[in-house]
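Student: The primary structure of each chain is shown beneath.
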Amino acid sequence: MGDLTKVTIDFQSSHLLFPIIIGCVLAVLGLAIVIRERSRIAVSGDHWRNIFSQMNKFQFFGTLALTLAYFSLMVPVGDYWPNTGLGFLLCSIPFVFLAGLQFMHTRTARSVLILALVAVCVPSLIWWLFTEIFFLTLP
Amino acid sequence: MTFTRRLILSLAAATVLSASSYAAVAQELPRNVRLVIGSKSTGGDTYQNSAIVAEALAEKLGINVKVDAVGATEAFKALDRDSRGTTLMIFHDQSYLGNLYGVQGYSNPFEGYKVGPTVAINPGNAYLVPKTSKYQSMDDIFAAAKAGEKVRVAIQPGGVSEIGFSAMKNAAKVLSPGSEANIVAVNTGSQSDKNQTMWDDLSDVINGSIQANEQFTQLPEDDRKAMRFVWITARPATLQQAPAQGMGNTTRDQMLKFADPETKVPLNDSENFTFDKEFFFLYNQDMDDAIVAQIDTALSEIYAAGEIQKRQKEAFFIPNFLPSAEAQAHLLAKRSTYEQVIKDITSN
Amino acid sequence: MPFFEFITPLFLLLIIGGTFVGIIFGAIPGMTATMAVAVCLPLTYPLGLNNGLALLLGLYVGGISGGLVPAILLNIPGTPSSITTTFDGYPMTQRGEGEKALKIGICASLAGGIISLIALYLFAPALADFAIRFSYVEKFLIILFALSVMGALSANLLIGIFSGFLGIFISLIGTYDISSGGNGKHRLIPPGLEYWLDSGFSLLPVLIGIFGLSAILQEAENGMPLGLSRDKVRIGKSSKFSFSVFKGQALNVLRSSGIGTFVGILPGVGGSAASILAYTNAKTFSKNPENFGKGEPAGIIASESGNNGLTGGALVPLLSLGIPGDSTTALLIGAFTLQGIQVGPLFIGNNPDTWNAMIFAMLIANVAMFIMMFYAIRYVALIVTIPKHILFPIILMMCVIGAYTINYGIMFDVWTLLIFGLFGWLALKIRLEIAPFIIGFILGPSAEVYFVKSLESFGDLTIFFTKSWIAVLLWVLILGSIAGSVFINRRASQAE
Numbered sequence: 001m002g003d004l005t006k007v008t009i010d011f012q013s014s015h016l017l018f019p020i021i022i023g024c025v026l027a028v029l030g031l032a033i034v035i036r037e038r039s040r041i042a043v044s045g046d047h048w049r050n051i052f053s054q055m056n057k058f059q060f061f062g063t064l065a066l067t068l069a070y071f072s073l074m075v076p077v078g079d080y081w082p083n084t085g086l087g088f089l090l091c092s093i094p095f096v097f098l099a100g101l102q103f104m105h106t107r108t109a110r111s112v113l114i115l116a117l118v119a120v121c122v123p124s125l126i127w128w129l130f131t132e133i134f135f136l137t138l139p
Numbered sequence: 001m002t003f004t005r006r007l008i009l010s011l012a013a014a015t016v017l018s019a020s021s022y023a024a025v026a027q028e029l030p031r032n033v034r035l036v037i038g039s040k041s042t043g044g045d046t047y048q049n050s051a052i053v054a055e056a057l058a059e060k061l062g063i064n065v066k067v068d069a070v071g072a073t074e075a076f077k078a079l080d081r082d083s084r085g086t087t088l089m090i091f092h093d094q095s096y097l098g099n100l101y102g103v104q105g106y107s108n109p110f111e112g113y114k115v116g117p118t119v120a121i122n123p124g125n126a127y128l129v130p131k132t133s134k135y136q137s138m139d140d141i142f143a144a145a146k147a148g149e150k151v152r153v154a155i156q157p158g159g160v161s162e163i164g165f166s167a168m169k170n171a172a173k174v175l176s177p178g179s180e181a182n183i184v185a186v187n188t189g190s191q192s193d194k195n196q197t198m199w200d201d202l203s204d205v206i207n208g209s210i211q212a213n214e215q216f217t218q219l220p221e222d223d224r225k226a227m228r229f230v231w232i233t234a235r236p237a238t239l240q241q242a243p244a245q246g247m248g249n250t251t252r253d254q255m256l257k258f259a260d261p262e263t264k265v266p267l268n269d270s271e272n273f274t275f276d277k278e279f280f281f282l283y284n285q286d287m288d289d290a291i292v293a294q295i296d297t298a299l300s301e302i303y304a305a306g307e308i309q310k311r312q313k314e315a316f317f318i319p320n321f322l323p324s325a326e327a328q329a330h331l332l333a334k335r336s337t338y339e340q341v342i343k344d345i346t347s348n
Numbered sequence: 001m002p003f004f005e006f007i008t009p010l011f012l013l014l015i016i017g018g019t020f021v022g023i024i025f026g027a028i029p030g031m032t033a034t035m036a037v038a039v040c041l042p043l044t045y046p047l048g049l050n051n052g053l054a055l056l057l058g059l060y061v062g063g064i065s066g067g068l069v070p071a072i073l074l075n076i077p078g079t080p081s082s083i084t085t086t087f088d089g090y091p092m093t094q095r096g097e098g099e100k101a102l103k104i105g106i107c108a109s110l111a112g113g114i115i116s117l118i119a120l121y122l123f124a125p126a127l128a129d130f131a132i133r134f135s136y137v138e139k140f141l142i143i144l145f146a147l148s149v150m151g152a153l154s155a156n157l158l159i160g161i162f163s164g165f166l167g168i169f170i171s172l173i174g175t176y177d178i179s180s181g182g183n184g185k186h187r188l189i190p191p192g193l194e195y196w197l198d199s200g201f202s203l204l205p206v207l208i209g210i211f212g213l214s215a216i217l218q219e220a221e222n223g224m225p226l227g228l229s230r231d232k233v234r235i236g237k238s239s240k241f242s243f244s245v246f247k248g249q250a251l252n253v254l255r256s257s258g259i260g261t262f263v264g265i266l267p268g269v270g271g272s273a274a275s276i277l278a279y280t281n282a283k284t285f286s287k288n289p290e291n292f293g294k295g296e297p298a299g300i301i302a303s304e305s306g307n308n309g310l311t312g313g314a315l316v317p318l319l320s321l322g323i324p325g326d327s328t329t330a331l332l333i334g335a336f337t338l339q340g341i342q343v344g345p346l347f348i349g350n351n352p353d354t355w356n357a358m359i360f361a362m363l364i365a366n367v368a369m370f371i372m373m374f375y376a377i378r379y380v381a382l383i384v385t386i387p388k389h390i391l392f393p394i395i396l397m398m399c400v401i402g403a404y405t406i407n408y409g410i411m412f413d414v415w416t417l418l419i420f421g422l423f424g425w426l427a428l429k430i431r432l433e434i435a436p437f438i439i440g441f442i443l444g445p446s447a448e449v450y451f452v453k454s455l456e457s458f459g460d461l462t463i464f465f466t467k468s469w470i471a472v473l474l475w476v477l478i479l480g481s482i483a484g485s486v487f488i489n490r491r492a493s494q495a496e
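Protein chains in written order, with my numbering: chain X, 1 to 139; chain P, 1 to 348; chain L, 1 to 496.
Hints are not guaranteed to be accurate.
Stated by the list, open to error - Quick list of in silico lysine-lysine cross-link-like pairs, BS3-like style, CA-CA up to 30 Å: (1) K334(P) / K146(P); (2) K264(P) / K343(P); (3) K185(L) / K77(P); (4) K185(L) / K343(P); (5) K257(P) / K150(P); (6) K114(P) / K334(P); (7) K77(P) / K60(P); (8) K185(L) / K173(P); (9) K77(P) / K334(P); (10) K146(P) / K343(P); (11) K294(L) / K240(L); (12) K294(L) / K114(P); (13) K225(P) / K40(P); (14) K257(P) / K134(P); (15) K429(L) / K57(X); (16) K114(P) / K146(P); (17) K60(P) / K310(P); (18) K343(P) / K77(P); (19) K150(P) / K6(X); (20) K40(P) / K114(P); (21) K66(P) / K77(P); (22) K131(P) / K225(P); (23) K150(P) / K185(L); (24) K40(P) / K185(L); (25) K6(X) / K185(L); (26) K131(P) / K313(P); (27) K240(L) / K334(P); (28) K66(P) / K131(P).
Just so you know, the hints here were simulated from the structure itself, not pulled from any lab data.
Whole structure, please, built from the sequences with the hints as guidance.
Tutor: What follows is the structure in structure tokens.
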């Protein structure tokens with residue numbers, strides 16, 4: 001009895017022990033879910049078609065594309081003025097404006113103007129606060 | 001017409017001028033410098049040291065220096081990305097010890113990077129036993145190992161915390177070949193984990209520091225938390241420079257008893273092993289030598305002025321400025337000593 | 001009274017200012033109390049020890065408390081420790097009870113802060129001595145107990161537990177961290193991604209990605225709605241706050257604050273575990289556990305008194321062992337050493353003045369936090385009335401700042417935000433459960449270290465049951481919690 005419960009852990013390979021245990025549990029649980037939900041999984045194609053047909057594609061993919069561009073440009077732009085956080089500022093202004101424009105319901109001249117004002121002021125204020133006052137590193 | 005031409009000419013001249021002056025500026029540190037450090041903690045010794053140096057450097061050169069605690073692997077990555085001097089790094093012996101111990105993510109800093117000046121030493125690296133331990137000294141520990149008794153030492157593997165342990169093993173081998181097998185590592189993490197292994201009776205000796213463990217040595221013997229120093233790894237010359245009142249209730253003279261030459265951990269037949277945790281700059285491989293020289297000059301002026309030493313001593317650091325070339329030679333020699341120690345105990 | 005001569009106008013001003021800035025940091029998604037303290041740490045050197053600590057402790061209390069604002073109003077936890085506040089806080093906001101939920105949270109925060117402060121003041125050394133009886137084994141069991149809430153939080157037990165384990169699995173990606181006791185080796189990294197993933201995914205970007213960005217994607221998918229109308233926030237039928245909400249909650253408040261305090265005392269268990277454990281407990285012992293997660297005030301009370309209980313608790317090991325109880329107090333060590341003051345078992349005896357100053361500063365900070373937040377909150381709650389097309393891009397921008405700065409400037413953390421934003425959106429579609437997932441993700445790394453280290457040190461599986469009476473007691477709690485969640489689940493499926 002006593003020997004059955006004894007274990008020796010080799011420190012050099014101990015980084016794999018826990019991931020293997022969790023991986024096995026996951027596999028068992030995953031299998032159980034697949035078996036129990038097989039009928040639902042079989043019709044998952046419809047589920048996704050449904051999602052995509054009802055989706056506001058312009059806003060969803062627009063948001064994704066804008067975010068991708070925003071994240072990708074920040075560092076290269078910031079690299080022109082290293083360690084000033086300007087990459088963040090110069091990318092945030094158009095991002096906030098374009099994302100806001102895309103989410104807007106009715107684009108009147110007035111609401112676009114307000115948005116533009118916000119898009120310039122808020123990022124600038126935030127940038128000033130974090131780089132000048134709190135001395136944090138931004139891209 | 002002439003007016004326009006003159007305007008264009010002067011504009012062009014101005015452009016050339018500013019471009020050339022920009023080129024001249026490019027050989028200096030830029031206005032905004034990011035100083036990454038090899039530790040993720042902003043409360044630890046690496047951060048404090050770097051903050052003191054960054055502040056002095058910024059004031060001296062009239063630039064902004066921002067210290068970012070990104071951790072070793074990220075710091076090296078950041079250094080790799082930029083050779084303009086916008087990113088500098090400060091770290092300590094871990095940078096090459098990690099590589100010697102084969103930790104993933106550590107390359108040889110003497111090959112992929114430029115090693116810059118040293119700035120300070122943390123003399124605190126120490127080994128402790130429970131106050132009630134039967135081991136009164138390192139000699140007792142080596143004797144026990146020789147007698148076939150297992151001595152368990154709690155360390156954080158892969159660097160500064162392990163090097164003293166490797167030295168103990170090496171010393172045991174020097175004193176009595178074969179006895180090094182009785183000095184075994186208890187691999188654990190932070191200081192609190194190391195202390196905890198002592199209290200849980202999972203280790204006989206722990207790695208610690210003067211700063212973090214001194215107060216535990218002042219507790220009465222019946223307190224299970226009470227500890228006692230057995231070894232301080234610093235060079236005697238380093239410890240001599242510490243304030244005479246020492247730290248807490250332990251004076252410098254008391255500390256010296258636990259360090260070389262009073263406490264002996266042999267490196268070979270003639271020398272004792274010592275280890276000082278030294279903080280130094282690391283640069284991108286391709287960074288301009290003019291910037292290296294600029295930092296060297298600025299630091300030597302700062303150290304000549306003498307203010308920075310006060311700040312460092314206040315936080316129990318030993319000022320230790322060596323310009324790049326000297327620092328490199330010194331650290332390389334240090335590295336090869338430790339490389340030999342690690343090789344000796346792992347070969348057989 | 002020479003005893004209190006550290007109280008100067010500057011001292012008071014620093015506490016109040018610190019608390020105010022802390023609240024702002026806590027309230028911005030992605031900015032944490034730790035960040036606030038880190039940013040202000042260099043300022044404390046010229047201030048001197050007592051004044052410096054006044055500022056930092058104000059930031060600490062404010063930062064932990066401010067996290068409830070975005071958690072309740074926007075369903076984005078401002079700090080990892082307010083994650084459980086979203087479970088009941090946001091449903092209340094959706095019902096138009098945002099202001100009420102905020103006030104409940106603020107009162108609970110105050111209670112948690114004060115109770116833990118009392119514990120700190122009266123019992124610090126004794127509590128620390130008790131805490132060091134917790135070895136790897138007991139710490140693992142505590143984490144296991146916190147993990148057992150996964151079941152109770154799942155709508156579907158099987159899928160919920162699967163999600164939780166998935167969270168643990170993903171948290172293990174990267175390196176088995178040397179500084180917490182691992183061997184520093186990589187695992188679970190897909191080939192070719194070592195450069196990016198060697199440190200794994202950081203908690204905070206994952207959190208704000210899953211909660212913040214995925215919510216924005218969700219809204220974009222449906223077409224952006226307009227903001228809530230002002231009236232709905234202010235008047236909503238039952239939205240009037242009164243202290244009667246706390247009737248019958250005294251035990252909950254005490255228990256949750258106690259748990260928060262105790263988790264703070266245990267070095268290494270981690271701050272986020274405090275509110276999760278408090279929430280687990282409140283749900284286990286509640287008379288109507290099925291209301292949890294649907295806007296139950298008791299859930300907010302447990303979560304917020306738990307995470308503010310942490311503030312006093314985490315100072316216990318710091319001041320009586322020299323060991324920080326969480327990541328924020330780790331920075332306070334820096335403040336002490338900057339001034340050349342040692343922290344360790346002799347600290348309180350050697351520095352009675354500083355000790356009193358700290359206790360007093362914490363007290364003022366808690367009171368200041370309460371007054372500032374309680375009376376300003378009605379205006380803060382109006383955030384939800386800002387048109388979404390303006391609010392969402394700005395939230396996303398703030399998330400970027402939070403993600404980028406949490407590890408002092410690592411771009412991969414910003415990409416993590418996007419990866420987990422998409423993951424959160426996808427999870428909703430395939431019915432993975434977010435709450436258990438995130439709890440698994442938060443607790444996974446400590447569960448691993450303590451589990452593996454227990455076996456490595458003791459070499460016997462039975463050690464988990466035989467180590468000490470504390471271990472046995474923890475097993476009783478764990479089994480109770482599991483039985484509780486099975487019971488809730490069965491009752492819920494019968495009701496259907």
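Student: Confirm or reject each hint.
Tutor: Hint check:
1. Our distance criterion of 30 Å between C-alpha atoms is met by K334(P) and K146(P), whose separation comes to about 28 Å.
2. Annotation: proposed proximity of K264(P) to K343(P) holds, straight-line Cα distance about 21 Å (limit 30 Å).
3. Simply put, K185(L) and K77(P) have alpha-carbon atoms about 18 Å apart, close enough for the 30 Å limit, and the pair holds.
4. This hinted pair checks out: K185(L) and K343(P) have alpha carbons roughly 21 Å apart, not beyond 30 Å.
5. Restraint check: the Cα-Cα separation between K257(P) and K150(P) comes to about 25 Å, which is no more than 30 Å; the hinted pair holds.
6. At roughly 16 Å between alpha-carbon atoms, K114(P) and K334(P) fall within 30 Å of each other, so this suggested pair holds.
7. In summary, the hint linking K77(P) to K60(P) is supported, as the alpha carbons are separated by about 28 Å, within the 30 Å threshold.
8. The hinted pair formed by K185(L) and K173(P) meets the criterion: a straight-line CA distance of about 29 Å does not exceed 30 Å.
9. Proposed proximity of K77(P) and K334(P) is supported: the alpha carbons are some 25 Å apart, at most 30 Å.
10. Only pairs whose Cα atoms come within 30 Å are accepted, and K146(P) paired with K343(P) is accepted, the gap being roughly 21 Å.
11. The hinted pair formed by K294(L) and K240(L) meets the criterion: a straight-line CA distance of about 18 Å does not exceed 30 Å.
12. Of the supplied pair hints, the one linking K294(L) and K114(P) is violated, its CA atoms being roughly 58 Å apart against a limit of 30 Å.
13. At most 30 Å may separate the alpha-carbon atoms for a hinted pair to count; K225(P) and K40(P) meet this at roughly 28 Å.
14. Among the hinted pairs, K257(P) with K134(P) is consistent with the structure: their alpha-carbon atoms are about 18 Å apart, no more than 30 Å.
15. The hinted pair formed by K429(L) and K57(X) meets the criterion: a straight-line CA distance of about 16 Å does not exceed 30 Å.
16. Proposed proximity of K114(P) and K146(P) is contradicted: the alpha carbons are some 43 Å apart, above 30 Å.
17. Between the alpha carbons of K60(P) and K310(P) the distance comes to roughly 17 Å, so the proposed pair stays at or under 30 Å and holds.
18. For the given pair, K343(P) sits about 28 Å from K77(P) by alpha-carbon distance, which is consistent with the 30 Å threshold.
19. Distance check on the hinted pair: K150(P) and K6(X) sit about 21 Å apart at the alpha-carbon level, within 30 Å; holds.
20. Distance hint between K40(P) and K114(P) is fulfilled; the C-alpha atoms sit about 22 Å from each other, no more than 30 Å.
21. For the hint linking K66(P) to K77(P), the alpha-carbon distance of about 17 Å falls within 30 Å, and the restraint holds.
22. Distance hint between K131(P) and K225(P) is fulfilled; the C-alpha atoms sit about 8 Å from each other, no more than 30 Å.
23. Using a Cα cut-off of 30 Å, the hinted pair K150(P) and K185(L) holds, with the two alpha carbons roughly 27 Å apart.
24. Restraint check: the Cα-Cα separation between K40(P) and K185(L) comes to about 18 Å, which is no more than 30 Å; the hinted pair holds.
25. Proximity of K6(X) to K185(L) is assessed by CA-CA distance (about 25 Å); at most 30 Å being required, the pair is judged to hold.
26. Restraint check: the Cα-Cα separation between K131(P) and K313(P) comes to about 29 Å, which is no more than 30 Å; the hinted pair holds.
27. Distance check on the hinted pair: K240(L) and K334(P) sit about 70 Å apart at the alpha-carbon level, beyond 30 Å; violated.
28. The hinted pair formed by K66(P) and K131(P) fails the criterion: a straight-line CA distance of about 43 Å is larger than 30 Å.
In the structure shown, a violation is registered for the earlier hints numbered 12, 16, 27, 28, in ascending order.
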